[in-house]
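> Chains as they are written, first to last, in this note's numbering: chain A, 1 to 372; chain B, 373 to 891; chain C, 892 to 1208.
Everything labelled a hint here was simulated from the structure, so no lab data went into it.
Among these hints, one or two may not hold up.
[What the hints assert, rightly or not] Label-pair distances were calculated between CB atoms; the ranges are:
no.: 1; chain 1: C; residue 1: GLN981; chain 2: A; residue 2: ILE9; range: 20 to 28 Å
no.: 2; chain 1: B; residue 1: GLU442; chain 2: A; residue 2: ILE9; range: 50 to 58 Å
no.: 3; chain 1: B; residue 1: ASN693; chain 2: C; residue 2: ILE1188; range: 39 to 47 Å
no.: 4; chain 1: B; residue 1: GLU814; chain 2: C; residue 2: GLY1141; range: 48 to 56 Å
no.: 5; chain 1: B; residue 1: ASP642; chain 2: A; residue 2: PHE213; range: 39 to 47 Å
no.: 6; chain 1: B; residue 1: LYS704; chain 2: C; residue 2: THR1193; range: 23 to 31 Å
no.: 7; chain 1: A; residue 1: ASN142; chain 2: C; residue 2: PHE958; range: 53 to 61 Å
no.: 8; chain 1: C; residue 1: GLN902; chain 2: B; residue 2: ASP642; range: 57 to 65 Å
no.: 9; chain 1: C; residue 1: THR1193; chain 2: B; residue 2: HIS507; range: 26 to 34 Å
no.: 10; chain 1: A; residue 1: ASP319; chain 2: B; residue 2: MET718; range: 38 to 46 Å
no.: 11; chain 1: C; residue 1: GLY1141; chain 2: A; residue 2: ILE32; range: 38 to 46 Å
no.: 12; chain 1: A; residue 1: LEU45; chain 2: C; residue 2: THR1193; range: 52 to 60 Å
no.: 13; chain 1: B; residue 1: ASN440; chain 2: C; residue 2: ILE1188; range: 24 to 32 Å
no.: 14; chain 1: A; residue 1: PHE213; chain 2: C; residue 2: GLY1013; range: 52 to 60 Å
[Unchecked claim] Looking from chain B toward chain A, a few residues come up when the C-beta cut is under 7 Å (computed):
no.: 15; residue: GLY398
no.: 16; residue: PHE402
no.: 17; residue: ILE698
no.: 18; residue: THR700
no.: 19; residue: GLN702
no.: 20; residue: ARG703
no.: 21; residue: ARG706
no.: 22; residue: ALA723
no.: 23; residue: GLY726
no.: 24; residue: SER727
no.: 25; residue: SER734
no.: 26; residue: ASP735
no.: 27; residue: ASP738
no.: 28; residue: PHE748
Note that beta-carbon positions come from the ideal geometry of N, C-alpha and C, so glycine has one too.
Listed here are the chains, written in short residue letters.
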Amino acid sequence: MSNSKRMLIFELIRGAAAIGVAMLVALIFIFICSDEPMEALRYMLVAPLFTNGSFSLNSLYIMLANSTPIIFTGLAVCVMFSANQFNLAGEGAVMLGGFVAALTGIYFSTGTYADVFIAVFVGSAVCAVLMIIPALIKVKLNASEMVSSLMINYIIMYVVLHYLNNVFADGSKGSVMTFPFAATARVPALVAGSSKLTWGFVVALICTVIIAFFMYRTRWGYSIRMIGINQNFAKYSGMKVASVIVLSQIIGGFLSGMAGAVEVLGRYDTFLWRDLPGFGWTGVTVAILAKNNPIFIPIAAFFISYLQRGFTLMATYCDVPSEMVDIIQAVIFLFFAAEKFLSGYRQKLVVAAAKEELAQKAAQTATEGGNK
Amino acid sequence: MSNNEYVVQMKGIEKVYSNGVAANQGVDFFVKRGEIHALMGENGAGKSTLMKMLFGMEQPTSGEIIVNGEKVTLTSPTVAISKGIGMVHQHFMLVPSLTVAENMVLGMEPKKGMFIDYKKAVEITEEYAKRFNLHVDANAKVIDIPVGMKQKVEILKALVRGAKILILDEPTAVLTTQETTELFKELIHLKEQGFTIIFISHKLKEIKQITDRLTIMRNGKSMGVYETKDISEQEISRLMVGRDVILTVEKEKAEPSDVVLKVRDLEYTDSWNRKMLDKMSFSVRKGEILGVAGVEGNGQRELVDMLFNLNVPDAGTITVNGQNVIGTPQRKIREMGVSLIPEDRMTYGIASSGSIEENVISDRFDKKKFNKGPLFDMNAIHAESEQLIADYKVLCKNYKQQVGMLSGGNIQKVVVAREFSCNPKLIIADQPTRGIDVGATEFIRKKLVELSREGVAVLLVSADLNEVMELSDSLVVFYNGKIAAYFEDTSVLNDEMMGEYMLGLKKQSDEEIRRVCHE
Amino acid sequence: MLEQIGSMIFQTDFVFSIFRITAPILFAALAAVVAEKAGVTNIGLEGIMLFCALFGTLFAYWTQNWFIGVCSAVVVGVFFALLIGFFALQLNTDIILAGIAVNTMSSGGTIFLLYMFTGERGNTAALTSSKLLIPTVEIPILNKIPILGDILSGHAVLTYVAFIMVFLVWILLYKTAIGLKIRAVGENEHAAESVGVNVRFIKYIALAISGVFCGLGGAFMSMYYSQSFNTGIIAGRGFIALAAQAMGQGEPVGAMFSSLLFGFAQALRTKVSGIQGVSSNLISAMPYLVTIIGMVIYAASTMRKVKRRNADKEKNQ
């Protein structure tokens, strides 16, 4: 067995173990607080795809729709964490991206189908520019991008609320929201019905492919990854370390902004978020579950939506609150991120691989000797 | 021998590290009560390993340690401290923002009720300082005091913890001449009070000045114990510097032509205020290997860092084919045709969780050859990696294998493959074969010679005497940040001569040295 | 408008509210200070405080005793801080990720646990009564003094505790053996290790202390400030605390002043939200902006210091 295959199997086992631990925790809670635990469990595990014993397409659509924004934010985190930058401003960027896209859709409508592209692009681009701030603070002054990005989240939230309340509110509505954006600025639905599954999902998948190519098939993505692994090595090799670090965060901002833009323009017809939407943080979980590999992001995002939907359904039909999903999600996250979780087992694999290599080497020398 | 006479007896010490390096091979080391005992040897001779075992930081693979007549197992520094052993590390183990007194009592704080009795801490510090004649400012923060005082704090720290045996790891390496004189007075004072001092150094004059006996190590073995007064400096140098097996490398005679690397009047003072490079000037010509020999810490590392703009000199010039290097981005330096095999291959040489392929293309990934529009041309990249793996005989499954998983020799081959294959005009090879297996070593040396005969200028920095004497066409010896000698032809050299220059017993005239500038 | 604001600032109830609003931020900032001194970044403050806020009210309800409620919140804080420690120090999880995980866990986790234990959904308004809240104290004599009495007397017990804690944390860090070890570990692990200090143990201690402060901060929010628990109750105070720590340069007193700055801004927001032409939202954003500017100035001055040292070195030659 090759080493990389062995490591892949190890990672799979590790992931399964982490999910196993989380499920165990879930099980314990369900048994504590439910009168009909088996029923609750069935809802949690099976109901997202099967209602009343038959496959539910609509439910699948809902999950895909829910996974759309967290695919974007997962990709964003993936790019930024790959460069070893703990930029957490994705959360704010989602809100800002959604807001700017909504405004573009309301006030700069051309009445053509270009609207949606323009709105999404403007929303994303503004966030991309915004991310230059923590990035520059980091590369120029070596101040923690983590703290500055957390602050930026709140600044964004309050500034957006300010404009929403005082400048762009539709006074005729009972609660605070903007005027509706032009119909041409809406992200069109992918399937009919109430699932809210829009073309945004397709865009998310396209972005996944683009980011995967970007990270593994282009010189910039390669630089980002090498800087993330060993910044000294990157510098010594002649890479433009500072510029690449800034670039990684611009891309992260763009993708986070897109998450907000696509979500707002796809799910609603006015902008009405009153708080940070939480997709940025979920994006961190998604990226950790995907081991920072773009290709696995949609799978991880779908897994999270599945969990969330499972718990929602369980809450609807049984007496277990859906919010338990956050605990389960966090447990999985913690074990996925724990380097030493099952490291003893990994060590065994490494030793086995080393032995194999030695044996192979011996065999090789033997044949070489024979040839002489 | 009576147990009473010897305070430390280390018998038949073997130490094999987990990476297979046998750092100590049956070393005997005996220290008499109340003496100053020098432990000498070149870097890599195994003296640090031996002392780490005595201080409980490493455990011997076999052999026994007897302290004060009692057989001991030293599992940690804490245990060693309890046996009366103290160590002053070369890199100080002090907390900069704490005061001297706080550093003194860290881990054994005197208390008054719930609080640290800071006054008592100062009293303790001052009492010890007075008793041992080691003057320190108890209330000053460590970050604000000079290096000499930091060292005194370290010695006091050991004493206050009840050390009767003091290990000093190259204590004078960080000191000025005055500070050194002062330290020696203090050490003699300690000796008079019955303390035993083990003094690690490779500075001959100092050893002659203050030690009673000395043990010399070479290649993980002890070369014997001598009374300091009975052994000449030349003899020490001969025992310390020398080769057990003389290796020969076949190479044609060099035909050096134009100057490629030109270093003039380079000066550098480090953050400890030590002059690491002092008006350093030399040139390396096309088609020659210029070796840099010398005990480590005489300016080699600083020089190499500057040649690749990883550090900036205080004064002087560095040019490659007439183009300035100082302050130039590494990308530009590489474009000039300079490549570097870094001494610390894990820090600079590789991205260990990256694949072999990702590591061999790190200097050329943005070249036209490997890109098709915005995308990598993966075929070209795979072909390049496969070619390099084959050319440089990297033992691996395929180019996708993680570099960190390879053996040390193969990791170095990956570095060498990249650095040698980029059409270099100048190769800086810093300890190119340190810690790697014989096969890889031989391979890398052959390649280096081959490239130089093809017209590449090579600067070879190596602490391995075999390597630097056999591979180099001509050679300079570094001592104290200066060139102590230049030999145009290495074939006339012998170990003894080298030792004398390396340890500062001899120095060539300025005119002789100036020849290395080729002007 | 400015006049209006100006006259407000000099009203005693405004100054009073600054202290009230600062207290929970200060607790969290002290939590950040102690953890950071030991070299561990506790980004989970936000989530830990939320759990503490929940369990503070719950235990107060179960025992019908506010004091036991606060103590329980402290225990819960220590538990979650040590959980982060376990994953970071034992299982090598990046400590930032471990903190994020606890934050993720807290938002839904608290709602779930609340339901599991009490059947209540979302908040504890039904469970609390005024006698279960943290009581306020009138300080004798002081409360008779005009102005000063109005400002300084009549606060909740924990408000006083918060400001006393600044002093106590300073004592802890600078006057006790454990504080010395915490600082040594945070600054030079190897030095501490070489004299037999158990580095990991000290980091656990520092995290536990930071958990204690999260407990106090969380309890303050649910058992006094908001008078009951709901999930939005911490509202970024844990993150603000990280900034307060950074801006206060890691020192308890510095953290207190930056916490007061946040307290001032928030108090101002509450006050001016009624005035025409003033955006309470923009005022809310100010402290965060100030933090970033503060960080930039601090970082830039450190950079300049390094450069100057290099320049001096050249001059000396």
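> Run every hint past the structure and note whether it holds.
Structure-based check of each hint:
1. C:GLN981 x A:ILE9: 20 to 28 Å: Since the Cβ atoms of C:GLN981 and A:ILE9 sit about 25 Å apart, the hinted range of 20 to 28 Å holds.
2. B:GLU442 x A:ILE9: 50 to 58 Å: holds, 51 Å
3. B:ASN693 x C:ILE1188: 39 to 47 Å: The hint (39 to 47 Å, Cβ to Cβ) holds, given that B:ASN693 and C:ILE1188 are roughly 44 Å apart.
4. B:GLU814 x C:GLY1141: 48 to 56 Å: holds, 53 Å
5. B:ASP642 x A:PHE213: 39 to 47 Å: Because 46 Å falls inside the window, the suggested range holds.
6. B:LYS704 x C:THR1193: 23 to 31 Å: The hint (23 to 31 Å, Cβ to Cβ) holds, given that B:LYS704 and C:THR1193 are roughly 29 Å apart.
7. A:ASN142 x C:PHE958: 53 to 61 Å: violated, 45 Å
8. C:GLN902 x B:ASP642: 57 to 65 Å: Holds, at about 59 Å.
9. C:THR1193 x B:HIS507: 26 to 34 Å: holds, 32 Å
10. A:ASP319 x B:MET718: 38 to 46 Å: 56 Å Cβ-Cβ, so the 38 to 46 Å window is violated.
11. C:GLY1141 x A:ILE32: 38 to 46 Å: holds, 42 Å
12. A:LEU45 x C:THR1193: 52 to 60 Å: Hint holds: Cβ distance 53 Å, inside 52 to 60 Å.
13. B:ASN440 x C:ILE1188: 24 to 32 Å: At roughly 58 Å between Cβ atoms, C:ILE1188 and B:ASN440 fall outside 24 to 32 Å, so the hint is violated.
14. A:PHE213 x C:GLY1013: 52 to 60 Å: violated, 44 Å
15. GLY398: With a minimum Cβ separation of about 26 Å from chain A (threshold 7 Å), the hint on B:GLY398 is violated.
16. PHE402: It is violated, given that the least Cβ distance between B:PHE402 and chain A is near 39 Å, above 7 Å.
17. ILE698: This interface hint is violated because 16 Å lies over the 7 Å limit.
18. THR700: violated, 11 Å
19. GLN702: holds, 4 Å
20. ARG703: holds, 4 Å
21. ARG706: Check passed: Cβ of B:ARG706 comes within 5 Å of chain A, closer than 7 Å.
22. ALA723: For B:ALA723, the interface hint holds, since the closest Cβ of chain A sits about 4 Å away, which is under 7 Å.
23. GLY726: B:GLY726 check passes; min Cβ-Cβ to chain A is 6 Å, inside 7 Å.
24. SER727: Violated, because the Cβ-Cβ distance from B:SER727 to chain A comes to roughly 9 Å (cut-off 7 Å).
25. SER734: holds, 4 Å
26. ASP735: Hint on B:ASP735: holds, closest Cβ of chain A at ~5 Å, below 7 Å.
27. ASP738: holds, 5 Å
28. PHE748: Since the shortest Cβ distance to chain A is 5 Å, the answer is holds.
The structure fails to meet hints 7, 10, 13, 14, 15, 16, 17, 18, 24 from the earlier list, while all remaining hints are met.
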